[in-house]
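Let's have the full structure, built from the sequences with the hints guiding it.
Chains A and B, in that order, give the protein sequences. If you use this note's numbering, the first sequence corresponds to residues 1 to 110, in order. If you use this note's numbering, the second sequence corresponds to residues 1 to 113, in order.
Take the hints with a grain of salt, since some may be wrong.
What the hints assert, rightly or not - Quick list of in silico lysine-lysine cross-link-like pairs, DSBU-like style, CA-CA up to 35 Å:
1) K57/A / K51/B
2) K78/B / K59/A
3) K42/A / K101/B
4) K41/B / K68/A
5) K51/B / K68/A
6) K68/A / K54/B
7) K79/A / K101/B
8) K44/B / K69/A
9) K68/A / K42/A
10) K41/B / K78/B
11) K57/A / K15/B
12) K41/B / K57/A
13) K41/B / K15/B
14) K42/A / K78/B
15) K69/A / K42/A
16) K68/A / K78/B
17) K79/A / K15/B
18) K44/B / K54/B
19) K44/B / K63/A
20) K15/B / K68/A
21) K59/A / K41/B
22) K15/B / K59/A
23) K101/B / K44/B
Said to hold, decoys possible - Computed Cβ-Cβ distance ranges for the label pairs, DEER-style:
24) R31/A / V38/B: 21 to 27 Å
25) P61/B / N94/A: 19 to 25 Å
26) V113/B / T76/A: 24 to 30 Å
27) A10/A / T73/B: 36 to 42 Å
28) D56/B / A77/A: 18 to 24 Å
Don't read these hints as lab results, they were simulated from the structure. Since we're looking at a predicted model, the values are computed, not measured. For every residue, glycine included, the Cβ atom is placed at its ideal position computed from N, Cα and C.
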Amino acid sequence: EDQVTQSPEALRLQEGESSSLNCSYTVSGLRGLFWYRQDPGKGPEFLFTLYSAGEEKEKERLKATLTKKESFLHITAPKPEDSATYLCAVQATNDYKLSFGAGTTVTVRA
Amino acid sequence: EAGVTQFPSHSVIEKGQTVTLRCDPISGHDNLYWYRRVMGKEIKFLLHFVKESKQDESGMPNNRFLAERTGGTYSTLKVQPAELEDSGVYFCASSYQTSPKAFFGQGTRLTVV
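The following block contains the structure:
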């Protein structure tokens, strides 16, 4: 069974204080690793898909990287509007369903 | 472009009652998924439609849950009879046929009392 573990569970940052979120995964064959952002009372919002080890993707202050066992979401110089829960999910080869981690709740103080 | 829309946004029902959740996917998306998040746990897959056909229903917890997708458009998820442990947030997502990128709705928060 696919497993996704995210750490830490919660992260409190000062505005401008860069940090990284970790997503460790085990899957029989990786089709894709996904990062989503979720705000309170809303559904997950797509951020990135990574397909192979060594791949990196960036969007504004966020950068996602992928190895064969884990992915990192780096937040550079965060702003209060980056406060959210960040979800990691994996999709196995020949499958379409997502297996999610429990998420990391990020709070950025001004 | 309209996103994935779910109705209702909240529902409070008594144990033993029936509830029907609705999902309208993004137009043109053949894939439709149901997921749910129960308190304190991660989001879990329930089932996957390709057009009107059930592709994978391995995540459905038991036969009190029935999902349909009429004509390959909107989908409904019925819980009958509802139990306390069914409380949680039910998400619907959709994607193009060959795309792994799924777009999620805002969710329906179901509370069974």
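Each hint, compared with the structure:
no. : hint                       : in the structure
1   : K57/A / K51/B              : holds, 31 Å
2   : K78/B / K59/A              : violated, 38 Å
3   : K42/A / K101/B             : holds, 18 Å
4   : K41/B / K68/A              : holds, 25 Å
5   : K51/B / K68/A              : holds, 33 Å
6   : K68/A / K54/B              : holds, 32 Å
7   : K79/A / K101/B             : holds, 26 Å
8   : K44/B / K69/A              : holds, 21 Å
9   : K68/A / K42/A              : holds, 31 Å
10  : K41/B / K78/B              : holds, 22 Å
11  : K57/A / K15/B              : violated, 46 Å
12  : K41/B / K57/A              : holds, 28 Å
13  : K41/B / K15/B              : holds, 21 Å
14  : K42/A / K78/B              : holds, 22 Å
15  : K69/A / K42/A              : holds, 29 Å
16  : K68/A / K78/B              : violated, 39 Å
17  : K79/A / K15/B              : violated, 43 Å
18  : K44/B / K54/B              : holds, 17 Å
19  : K44/B / K63/A              : holds, 26 Å
20  : K15/B / K68/A              : violated, 45 Å
21  : K59/A / K41/B              : holds, 28 Å
22  : K15/B / K59/A              : violated, 45 Å
23  : K101/B / K44/B             : holds, 17 Å
24  : R31/A / V38/B: 21 to 27 Å  : holds, 26 Å
25  : P61/B / N94/A: 19 to 25 Å  : holds, 24 Å
26  : V113/B / T76/A: 24 to 30 Å : violated, 45 Å
27  : A10/A / T73/B: 36 to 42 Å  : holds, 40 Å
28  : D56/B / A77/A: 18 to 24 Å  : violated, 41 Å
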